[in-house]
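Protein chains: 2
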Amino acid sequence: MKKFILASASARRREILSHIGLEYTAIAADVDEITGLPDTPADIVRELAKRKALALSDKFDGDTIVIGSDTVVCMDGRVLNKPKDKDDARRMLKSLSGGKHQVYSGLCVTDGEKTICTHAVTTVKMRDISDDEINAYIATGEPLDKAGAYGIQDKGGIFVERIEGDYYNVVGLPLEMLCSILSRDFGVSVLEIIK
Amino acid sequence: MKKFILASASARRREILSHIGLEYTAIAADVDEITGLPDTPADIVRELAKRKALALSDKFDGDTIVIGSDTVVCMDGRVLNKPKDKDDARRMLKSLSGGKHQVYSGLCVTDGEKTICTHAVTTVKMRDISDDEINAYIATGEPLDKAGAYGIQDKGGIFVERIEGDYYNVVGLPLEMLCSILSRDFGVSVLEIIK
Numbered sequence: 189m190k191k192f193i194l195a196s197a198s199a200r201r202r203e204i205l206s207h208i209g210l211e212y213t214a215i216a217a218d219v220d221e222i223t224g225l226p227d228t229p230a231d232i233v234r235e236l237a238k239r240k241a242l243a244l245s246d247k248f249d250g251d252t253i254v255i256g257s258d259t260v261v262c263m264d265g266r267v268l269n270k271p272k273d274k275d276d277a278r279r280m281l282k283s284l285s286g287g288k289h290q291v292y293s294g295l296c297v298t299d300g301e302k303t304i305c306t307h308a309v310t311t312v313k314m315r316d317i318s319d320d321e322i323n324a325y326i327a328t329g330e331p332l333d334k335a336g337a338y339g340i341q342d343k344g345g346i347f348v349e350r351i352e353g354d355y356y357n358v359v360g361l362p363l364e365m366l367c368s369i370l371s372r373d374f375g376v377s378v379l380e381i382i383k
Numbered sequence: 189m190k191k192f193i194l195a196s197a198s199a200r201r202r203e204i205l206s207h208i209g210l211e212y213t214a215i216a217a218d219v220d221e222i223t224g225l226p227d228t229p230a231d232i233v234r235e236l237a238k239r240k241a242l243a244l245s246d247k248f249d250g251d252t253i254v255i256g257s258d259t260v261v262c263m264d265g266r267v268l269n270k271p272k273d274k275d276d277a278r279r280m281l282k283s284l285s286g287g288k289h290q291v292y293s294g295l296c297v298t299d300g301e302k303t304i305c306t307h308a309v310t311t312v313k314m315r316d317i318s319d320d321e322i323n324a325y326i327a328t329g330e331p332l333d334k335a336g337a338y339g340i341q342d343k344g345g346i347f348v349e350r351i352e353g354d355y356y357n358v359v360g361l362p363l364e365m366l367c368s369i370l371s372r373d374f375g376v377s378v379l380e381i382i383k
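Those protein sequence lines, which keep their order, are chains A and B. The working numbering puts the last residue of the first sequence at 383; the count rises by one with no breaks. The working numbering puts the last residue of the second sequence at 383; the count rises by one with no breaks.
Please keep in mind that the hints were generated in silico from the structure rather than gathered at the bench. Any given hint could turn out to be false.
Put simply, identical chains are the same to the list, so a pair is met inside one copy or across any two.
Stated by the list, open to error - Distance condition first, Cα-Cα at most 27 Å in a straight line; then the derived DSSO-like pairs of lysine-lysine: (1) LYS302 x LYS282; (2) LYS302 x LYS270; (3) LYS288 x LYS313; (4) LYS270 x LYS383.
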């Protein structure tokens, strides 16, 4: 029987795994998220997912699978991380209003011997959001701890017209891709995950 | 200050509205969902959403807004409702495996004077699902009360490769569309909804 570790402090990622029934331990991986990063959003999230997963290498014992993930929002080639403050959140939401952006999540799954790193992209179309609506949304406190300053799974969902890709990738963890990797590369069947 | 009534027994719809912060009362509308239905999925879900909303017409008092919704899954022109039993769920999931299907949700918003009915369509791409996986999923009990025999917001999410359209429409209530109608046609601003 395999044990699973989610190398993440994100409440959203934890909720996704808990919700489908997977039993796991969550451990925040303390990694450098600033220096030596590659140039493209896809390479950045893969690298950070890998750093998080490999930071827990002292947990590898042959039966443990560590899952790392990292998410960024990308608008017109610019990477949006978590906003620094309310003004930063306001700028981000104004730039996302009415347009399409991409959400990149990197995923790294490793048991210490085999390491699979990949990523998923989902396009999100936001409706026009007025300044009053942006201020009301920021007043809820929700945007401040989220890449791109919104949460599709929370109140921010009312601004999302449509997406193209995996929904859970926007929340922060590409769920179908994770389960397929667990099954194909690590011999963990769906039966064990959703039981 | 407006009052809101959700004309639905669906726990999923209730959760969506509660989660964004809207205060409402949920009342299951007892309507005929069988006879006199139109032919196309879009017309069917609009008609049923309207029947549900108007069934609560005794609640109209000038300040009350009633929201009706209905969802069906459509595969190759065939409408899939909730499965009758496990065998029916198995047939539905086998037909959805590996392909694309459409989820239609009808939406009817009315205050007794003005009535707005519309619908949304989201395309869902499922990955290939093996017979063992289908059986494991049915054994969780999740498919039996859901149109199309899966819940994207629950364990069924692990089978969904991608969607094109509104995620919440697949769950059962087109959220962005609802909030836009409330704002545009009934003068209920986002500030009142997500406060």
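Now for the hints, and whether the structure bears them out:
{"no.": "1", "hint": "LYS302 x LYS282", "in the structure": "neither (42 Å within a copy, 32 Å between copies)"}
{"no.": "2", "hint": "LYS302 x LYS270", "in the structure": "neither (31 Å within a copy, 42 Å between copies)"}
{"no.": "3", "hint": "LYS288 x LYS313", "in the structure": "both (4 Å within a copy, 21 Å between copies)"}
{"no.": "4", "hint": "LYS270 x LYS383", "in the structure": "between (35 Å within a copy, 22 Å between copies)"}
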